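From just these sequences and the hints, can you work out the full model?
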Amino acid sequence: MNFLNQLKSMTRIVTDTGDFKQIKQFTPVDATTNPSLIYKAAQEQSYRSLFEEALAWALKKSNDKRQQASIAT
Amino acid sequence: MTLLFSLPQAVAAVEDGVTKMKLDEKRFRRLLNEDAMAIEKPAEGIRRFTADIVKLENIFIKRL
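Quick note, the sequences are listed as chains A and B, same order. Count along the first sequence from 1, add 1, and you get the number used in my numbering. Count along the second sequence from 1, add 66, and you get the number used in my numbering.
Just so you know, these hints were derived from the structure itself, not from any lab. Each statement offered as a hint is correct.
SDA-like mimics (lysine to any residue), calculated; alpha carbons at most 20 angstroms apart, straight line:
| # | chain 1 | residue 1 | chain 2 | residue 2 |
| --- | --- | --- | --- | --- |
| 1 | A | K22 | A | T33 |
| 2 | A | K41 | B | E110 |
| 3 | B | K121 | A | F52 |
| 4 | A | K9 | A | T33 |
Anything over 12 angstroms on all C-beta distances counts as not near chain A; from chain B, calculated:
| # | residue |
| --- | --- |
| 5 | V77 |
| 6 | E81 |
| 7 | D90 |
| 8 | E91 |
| 9 | R96 |
| 10 | N99 |
| 11 | M103 |
| 12 | I105 |
Nothing here was measured: the structure is a model prediction, and the numbers come from that model. Glycine is no exception: its CB is placed at the ideal position from the N, C-alpha and C atoms.
The structure is reproduced here in structure tokens:
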């Protein structure tokens with residue numbers, strides 16, 4: 002954490018993650034992610050509610066199962 | 067053609083003012099093609115992203 006603070010004094014920290022807890026922990030100036038990171042985060046029990054939220058939203062958007070899965074993703 | 071430099075090395079050398087090199091499109095493409103980070107790795111990454119999107123969709127499908 003000390004090294005990170007040292008880095009922060011010299012440059013800007015950005016995170017590349019799907020884990021919101023990490024973004025909170027490292028307080029980056031910017032954040033990015035990718036499908037592999039989202040896939041990993043989606044399986045985490047602590048983000049279960051977001052998974053369900055995406056699913057519920059997708060259910061309202063389409064009647065087709067495949068499409069719902071795609072929309073939720 | 068003998069490759070004296072990788073593309074990043076070539077760019078650095080030119081920026082240093084140490085080396086002058088003629089970089090036409092043919093040579094640029096050849097040098098770029100030597101760089102795995104510019105050619106293979108992005109394609110590999112995108113293939114993994116695609117696979118992981120499909121995996122995530124399948125998790126949702128199982129729940130539907």
